[in-house]
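2 protein chains.
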Amino acid sequence: MATKYVYYFGKGKAEGKADMKSLLGGKGANLAEMTNIKLPVPPGFTITTEVCNAYYANKKKFPKELKKQLEDALKKVEKDMGCKFGDPLNPLLLSVRSGARASMPGMMDTVLNLGLNDTTVKGLIAKTGNERFVYDSYRRFVQMYGDVVMDLKPKDKHQIDPFEEIIEAKKKKRKIESDIDFSAQDLKELAEEFKLEIKKETGMNFPDDPMEQLWGSVGAVFRSWMNDRAIVYRKLNNIPVEWGTAVNVQSMVFGNLGDTSGTGVAFTRNPSNGENEFYGEYLMNAQGEDVVAGTRTPLPMSELKKAKPKIYKQLEQVRKNLEKHYHDMMDIEFTMQDEVLYMLQCRAGKRTGYASVRIAVDMVKEKLISEKEAVLRVDPEQLNQLLRPIFSLTEKQEAVRSGKLLATGLNAGPGAACGKVYFNSFDAVNAHARGETVILVRIETSPEDIRGMSASEGILTSRGGMTSHAALVARQMGKVCVAGCGQLDIDYLLKTIKVKGKPHIIKEGDFLSIDGSTGEVIVGKLQAKPSEILQVLVDKTLKPEKSKSYSYYSTFMKWVDKYRRLKIRTNADQPDQCENAIAFGAEGIGLCRTEHMFFGGDRINAVREMILAYSTEGRKKALAKILPYQRKDFTEIFRVMKGLPVTIRTLDPPLHEFLPHTENEITKLAELIGTNVDEIKYKLNALHEFNPMLGHRGCRLGISFPEITEMQSRAIFEAAAAVIKEGKKVYPEIMIPLIGNEKEFIEQETIIRRTAEEVMKEKKIRFKYKVGTMIEIPRAAIVADKIAKYAEFFSFGTNDLTQMTFGISRDDAASFMPDYREKELLNRDPFESIDTEGVGMLMEWAVRKGRETRPDIKLGICGEHGGEPDSITFCDQLGLEYVSCSPFRVPVARLAAARASLNKAKK
Amino acid sequence: MATKYVYYFGKGKAEGKADMKSLLGGKGANLAEMTNIKLPVPPGFTITTEVCNAYYANKKKFPKELKKQLEDALKKVEKDMGCKFGDPLNPLLLSVRSGARASMPGMMDTVLNLGLNDTTVKGLIAKTGNERFVYDSYRRFVQMYGDVVMDLKPKDKHQIDPFEEIIEAKKKKRKIESDIDFSAQDLKELAEEFKLEIKKETGMNFPDDPMEQLWGSVGAVFRSWMNDRAIVYRKLNNIPVEWGTAVNVQSMVFGNLGDTSGTGVAFTRNPSNGENEFYGEYLMNAQGEDVVAGTRTPLPMSELKKAKPKIYKQLEQVRKNLEKHYHDMMDIEFTMQDEVLYMLQCRAGKRTGYASVRIAVDMVKEKLISEKEAVLRVDPEQLNQLLRPIFSLTEKQEAVRSGKLLATGLNAGPGAACGKVYFNSFDAVNAHARGETVILVRIETSPEDIRGMSASEGILTSRGGMTSHAALVARQMGKVCVAGCGQLDIDYLLKTIKVKGKPHIIKEGDFLSIDGSTGEVIVGKLQAKPSEILQVLVDKTLKPEKSKSYSYYSTFMKWVDKYRRLKIRTNADQPDQCENAIAFGAEGIGLCRTEHMFFGGDRINAVREMILAYSTEGRKKALAKILPYQRKDFTEIFRVMKGLPVTIRTLDPPLHEFLPHTENEITKLAELIGTNVDEIKYKLNALHEFNPMLGHRGCRLGISFPEITEMQSRAIFEAAAAVIKEGKKVYPEIMIPLIGNEKEFIEQETIIRRTAEEVMKEKKIRFKYKVGTMIEIPRAAIVADKIAKYAEFFSFGTNDLTQMTFGISRDDAASFMPDYREKELLNRDPFESIDTEGVGMLMEWAVRKGRETRPDIKLGICGEHGGEPDSITFCDQLGLEYVSCSPFRVPVARLAAARASLNKAKK
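Taken in sequence, the protein lines are chains B and W. Residue numbering for the first sequence follows the numbering used here, starting at 1 and increasing by one per position. Residue numbering for the second sequence follows the numbering used here, starting at 1 and increasing by one per position.
If we strip away everything but chain B, and leave its shape as in the complex, we get (with noise of 0.2 Å):
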C-alpha cells in the first residue's frame, strides 16, 4: 500500500488525532482531534511531515503518490464545503499553512484565500455580494502569494516591502490614509499592479490557476521550514531539523466580511499568571493574522461578551469542553464569519513559570489532571522563571512618586529586568556581545528579531497584544516583556522613545526598567530584587503563609519530589552557597572545589609561596600556612551540610593560574615573600603550557607534589574530626581528578587513606569517608573496570569529559562555533546538554564497567550538565545516583529528575 501522505478533516469526523503531532504537526493534529469532538472546524487536510522529509531529500520534489491522494482529500472538502475549488461561480477558497511537530509561531510562511483569480473574483462577488471584501482579499492573496511563493522580498533591509510601497503610492495618489479607507476600485488596481511588479521583478506571471496556485503554496511553506527564522527558532529551541513541518490545507472562512464578522485568540486560562479566567483578545472585521500580527491592538474577551454573548456563551462552552477533552490550558484561534463560530486551531496554550505551576496545582484540585501529570505539566526550564528577579516595590514606588514612570503596557513576560535601551535586533545583538545588559525596544517585533529578543534581558513594545509575537517567544525565551504599551512614541530613525506629557528623551544606550510582571516602564535603573519565592527560601524577608506564589511552588515541589528517583546534589564551595542549595533543596554538595578557597586574603600569598618553592621542605612549609585556612573552610562547610554528603575535589587548575600575570603584581609578590621578579618570572615561564587544558593539572599535581594532596586531606579530616567533636554528623567524600588510570587513583588514594588514619588517632576518633574519582577523561571511562576496584564512587565531568571527547577546547570554539551552528553541524551544542550518542556513550560504558567490578559504586555527575532538564534525563536512565548542579539549578534539577522518573515510567 502507498504511504499515507494525506489526512482529512471535515464534518465531524477526521483521519487524523491528537497524538499524531510527529506526523501532523500540532496544528494538523489538533485540528483533526477539534474535528473528532465536534468543535465547528472548516475542513481541510493535513499534508505529513513526511511529505517534508521526502521533499528535502529528492531536490525539493513531492512524492509522486502525493498528487492523487491531495486531489482526493481536495474533493471531500468540496464536497462538504458545498462548493468548488476555482469554480467560477461557486468557489472554494482555501488556506495553506505550516504545522510543526514543536510550536514555532511565526517561523514559517502561510498563504491564504488561494482560489481566486479574475474569474472566480466574480463568482465570489456574486456570492458574498461584498465586492470590496472579495477584491481585499484578492489583493492580500496576491501580496502573499507574491512575497511567500514567488519570493519578491525587499530588495535590501532599508527598502520597504515592495508591496507596502504599490500601496503607499495608491494612498499618496488616493490621498487616503488608511487601508480602511480604498474603494473596491484601489483594491482591484492594487491587485493587478502587484501582478505587474511581480512580472518585472520575477519574470514570472502571477499564476490564474488555483491548482498551480495550491501546488506553489504547499511547497513554499515546505521550504520556509528552512528559511533563517525557522532555523534560528529551531535552534534556539533544540527542534531538530529532521522533524520536518506538516502542510494544512483548509476551506477559508472570513472574519472580515464586515462587523458581524471578527476573529480573536484566547487562552482558557491567564498564560501570564495562571488564573482559571477566559482569557484573550478578538478583532471585529479582521482576519486572524492582524490579531497575532499585532498591527491592530484588539479587544479583550470580556468586551466580546458584551458585544456578542451569544457567541461569548459558544465559545465559554468550547473553553470547557476544551480543557475537559485536552486536561490542559488551551490557546485558540477562532473566526466569526456573520455570526457562525468556526475554530481555526487549538493548542496547549503557553504560559510562563509560574502560571504554568499555578495552572498544573489548580487542575490536580479541579481534579483535571493527576499530580503526576501536574509535574509533567512544568517545563524545568521554566520554573526558573520563579527564581527571576522583581523590583523593590518601595524603590519602585519612589521612582513612581519622582515622575521616572513613563509609561504602563501589557505584563506580557513576568521579571524585573534594567537594561540599555536598543532600537533593533543588530544593535542589540552587538551591545550584548560588548557585555551590556539590553533592554530592546520596538514598535512590534517580528520573527526578525528573535535574534535581538535572544541577546536582551527585557523586551519592550508599543504595539500588540498579549498573545503578540513579541510577548508570544518573550515568554518562552523566558525574557522579561511588556507589550502594547502605546504611549510609547519610538522613533526608529533618532532612536529615541518619547511620551506625550513626559519631559524624557530615552535615547540608544539609556537605562530602562520594566517591570514585565505588572507592566510599568521605568526610566532609570532600578534595583531588582529577589523572587518572592527567592524571599522566603534565601533571604528569609517574606514568611511563606505570606506568599501565594510560594505556596503554589512548595505544593508543586512536594510532588516533584515524591515522584523523582535521581537525588539532588549542588556544586558550592562557600558556606552562604551551602545553606541557599540547601533551601533550594539539595541533598549534599556533589562537587566542592578546593581551589576557590585558595585565593582571597593571605592565603593566596602562601599558595604562591608554594608553587615558587624549588623543594618538597619549602612547599610543605607553605601548605602549612594554607591547612588552617582550608581546615577552616571545611569546618564551616560541614556544619552548614549538617552530616549531608560532602564530595571535595582535591586541587585541579594548573599552577599558573595561581601566580600574578601583571609586571606590578609580580614585583609586590616579589617584595612580599622575599624573593625576586626574575624568579617569579622564570616560574612563570617554565609554568606555562601549550594546551593547559591537557598539560600539568588535577591529580598530575597531587602526583608531583604529593605534599598538596596530603595538606588537603588533612584539612579535610581534621574539619570533619572537629564538627563531630561538636556533636554533628559529617560524610566527607574525597574526589580526585582528571584520573585516567587506576595506578594513579592508587597513588593518590594511599595518601588519603594515611592522613586519614593518622587524623583519626591523633583526634582519638573515627569517622567515614569515602574516596572517589572524576570520570573526565575518555580513557577514565574505557577503563573504568578497572579503577573501580579502587575509587568508591565516580562523579562524570563532562565539561572536560567533553571536550576531550569531542576535541573541542571550549575556550577557543568561539572562533569556529558559528560557522557549525550555520551549517547545522551540530545538532545541539554539547557543553549545554551532553551529546548522548558520543560523549553520553563513554557515560554508560563507564557505569556499566564500573558497577561491573563494583556492583554498588555510587554513581553522579558534577559537569555543568547536572542542572541541564535533558541531560538530567539521560543521567536518570544510566541509573546515577545523583546530579549535582548550581544552587540556583537545584528546583530546576528536582523537577527534571522527576519528569524523567515519571516518563520513565510511562514507557
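Hints may contain errors.
Calculated pairs, SDA-like style, for lysine to any residue (alpha carbon to alpha carbon, straight line, at most 20 Å) [as the list claims (entries may be wrong)]:
#, chain 1, residue 1, chain 2, residue 2
1, W, Lys786, B, Ser103
2, W, Lys789, B, Gln397
3, B, Lys743, W, Val232
4, B, Lys743, W, Ile239
5, W, Lys188, W, Lys200
It should be emphasised that the hints constitute simulated quantities derived from the structure, not laboratory data.
Using the hints, position chain W against chain B.
Only chain W this time, still in chain B's reference frame:
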C-alpha cells in the same frame, strides 16, 4: 596439592625445561634444559617467579610451603654432590642468582660461596688443600653478602665501596699493589675485618649459620627485582614488573682454584657480525663475575684452543649440541675446575641487528631453522641497526693518515657515532637534555650507567671485552660501542683522555668519532654516512651484488614480505622522501601532510596573505596563488608513486602556525603583502588559542573556509589528471582530519567530490579516488558507524587520539611524566607504543562499528605508532589493511608485520 615452588636439576635430570621460562626464568629454564640434554651442569634448584610475586604481595614474606620444598631440594643437591651444606668436614657451597623471564644482565643481585663460615672454611681447606683459595672465597662471600643481603653500601656517591676501602687499606699496610699479592692470612683477616665493619655499620652480626645465609640470600635476590637499576632497565626494555624473577640456587664450582681452573663466556656464533665461529673469552684462575664485569681483559677463545685443547674440544661439542638443540645462537657461561668443564648458563645470545639477520639467514641455509622461524628471530628494532650510519671510508682514512686515530678498541656495537665527550652518566644525561650528541666515555660501565648510555649516541670504554656490560647493553640498545680500548688513559677527575704517544688531550665537550664496526676511535668530527644498505637502496652508490650485508638483508626481507599480511605505507610529503620509502618497500603513502608544502619559497607569502584576508574573496585570490604550487607538488608525488595509493590530508594545523611571530618578520611581511603591522598583530592576536590542539584546526578550518578545501582538492585532482595524461596510474585518497561527527565529514566531502567532478569535466578525463577520514578524536571512534556511511576509509591518527584519550598534551607532559615514570604509573609511554587498553579499545570499537556500516572499509594507521613493532602487532590483530610510518621505519614495519602474522598463526 600444594603449589610447586621449587624445581630441581642435576645429574642429567631436571624437573623443569626450556619452555618454562615464565615460571623458572631464563636462567633456570635453561639450566634445566642443559641438564636434560646431559651437559655438565652443577646440580641445584630454581625457586619460581611465582614466589617473587607472592613475596611482594605478602609484605616480603615467603609462602610457608617454600621451606620444606627448599630443604628437600637441598638434600638432593647434597646427595648428588656427595657433600653437605654446612658440614664441617665436607661442606657444600652454593650460589644464589636471579633469573628473570627476560635477560636483565647485571641488573639484579647474586651471592656466591654460601655455606662458608669459620668452621666449614677449615673443612674446605682440608678438602682442597688450597688455603689461599678458600680464604679468598670466604672474604668474597662476606663482601658480597654484606653488600647484597646486609645492605652495607657506600654512604654517598663519593665514597667508594666500604669493603674496597678496607682492601685498599690492607694493601697500603702490606705495601702490595694487586689483590693477587694477598696472602691467605691477609684474606682471612680481610674476612674478619669485613664482618667487624658490617657489625659496626649495620648493627647486625654476620650470620654463621649456612641456612640463615641461604634464606638471607634468596630474599635479597628477590628484593633486587625492585632496585633502581632493575626498574630503569625494565622500563627501557618494556618488561612488566609482574613477571618477577626466579632465584637459582646451585652448587658452586670454582674457576679460581689455580691455573688448572678458569671461567669463560662465549657465543656459538659471532654476535657482532653473525659469522659462524666460536666466539668468546675466558680467564684462567677466575670466577665468572671477573669476565662479565670487565675488570680484567680476558683472552679470546682461540687462545683456549691452544692452552687447553681437551676442554676446548669439549666446548666445541657443547656448542654444536646447543645450536642443534636450541636452533639458535647461544650465549654460554662455563667454568673449568681442575680441568673439569661445567656449564653454568646458556641462553639465546644477544646480537647486533646485522648479526641477527645473518645468523637467521645462515641457519635457514644450514636447515637449522625454517624461513618463518628466521623471520621470528630478528627483533624489528634491531633491523633498524642495519640502516645506521657509517663513516666515509676515505674521510676516515684521511683522518687516520693525518694522525687523528686515537686508539682502536673492540667493535662492540656497530655503527658510526660522533659527538661530544662526557665522562659520567649524570653529565651525559644533562648534555643530551641540552640537545647535544653525546659520546659516553667510561673506564668500564656498570648497571648504574644505563641512564647515561641511553642518553648517548656512542659508548667508549677502556676496559672490558665483547661481553662486558658496556658491549652487551650497547648492542641491545642499538648504540654504537667501542669497548676495551685499553690504550685510553681516562681520568674521571680531570675529565680527560690521554693516550701514550699521542699528542691529544681530549677534554669534556670535545668531539670524538667512534666506529663501532671497526673499533676505531678518532679525534674530532667525522661525517657519518649511510650504511651499506642505504648506499644500495637510497644513494644507489653501491651495486647490490657488491654488498654482503645487502645480500643478507634482501634475502631476509623477501621472507619477511612472504609472511606478512599488513601492507606498509609511509608518511611522506616530498618526492625524494617518497622515493626512499619505495626503496625501503613502502606500498603507498599513508599520510601526505599538505601543510609542509605551505612553507618554503614564495608560497608561504601567499599562505599568509590568505590567512590575513578578511573576506572569502580575498582568501580566494591568495589561494589562487597557492594552487599552482600545490598542484606541482602533487604532480611530482603522483609520478614517483606510480599508481600506488597516495593518502593526502587536507590542511590540518592552526593557521597561526603559518604567521610570523617576530617583530622583524612581521614588518617584512606587512611590506610584502601591502598591509600594516598592526593588522598582522591583530590577526595574530585573534588567532591565539588557549588550547590550540583542541582549537580551530583540522576539518574545522575547511568548514570555516571551504575555499581552502576546494583549492586543495583542485590541486590534487588537477595533478592527478596531468599525470594520468602522461600515461601513468594515479590513485589519490583524500583524507579529512579531525572529524568528530558525520556531518562535518559530509560537508567537506561534498566540496571534494564536487571539485573532482569539475576537474574531470574540465580535463575530459575520469579517475578514481577515495574520500576518507582520520580517526583521531575519541568521538569519531565512538560514532564510527555513522561516519563510515560516508567515509570510504579510516586512518587512525593515534598521536592525537592518544593525547585526547589520555587528556595529555605531549608538548606539556614533560612536567609530570618523569614523576609518572618514577612512580611507575604508566606501563609504557603511550606516545611510543599504542595504549591497547584505552586508545586500543577505541580503535577496536571504531573498526567494528565502521565495518558494521561499510564491511569493506579501508583501514589504516598513520600516527607515529605505525612504525613501532608492538603497535604494529596490535594493528595486525585489529585487522587493519596497512600501517604507515616514516620512510626509514618501513623495513622495521615490514618485519614487525610479518612477525605479527606468524605469531598469530602460531596461536
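* Asked: Which numbered conditions among the earlier hints are violated in the structure presented, ordered from lowest to highest?
  -> Per hint list: 1, 2 violated.
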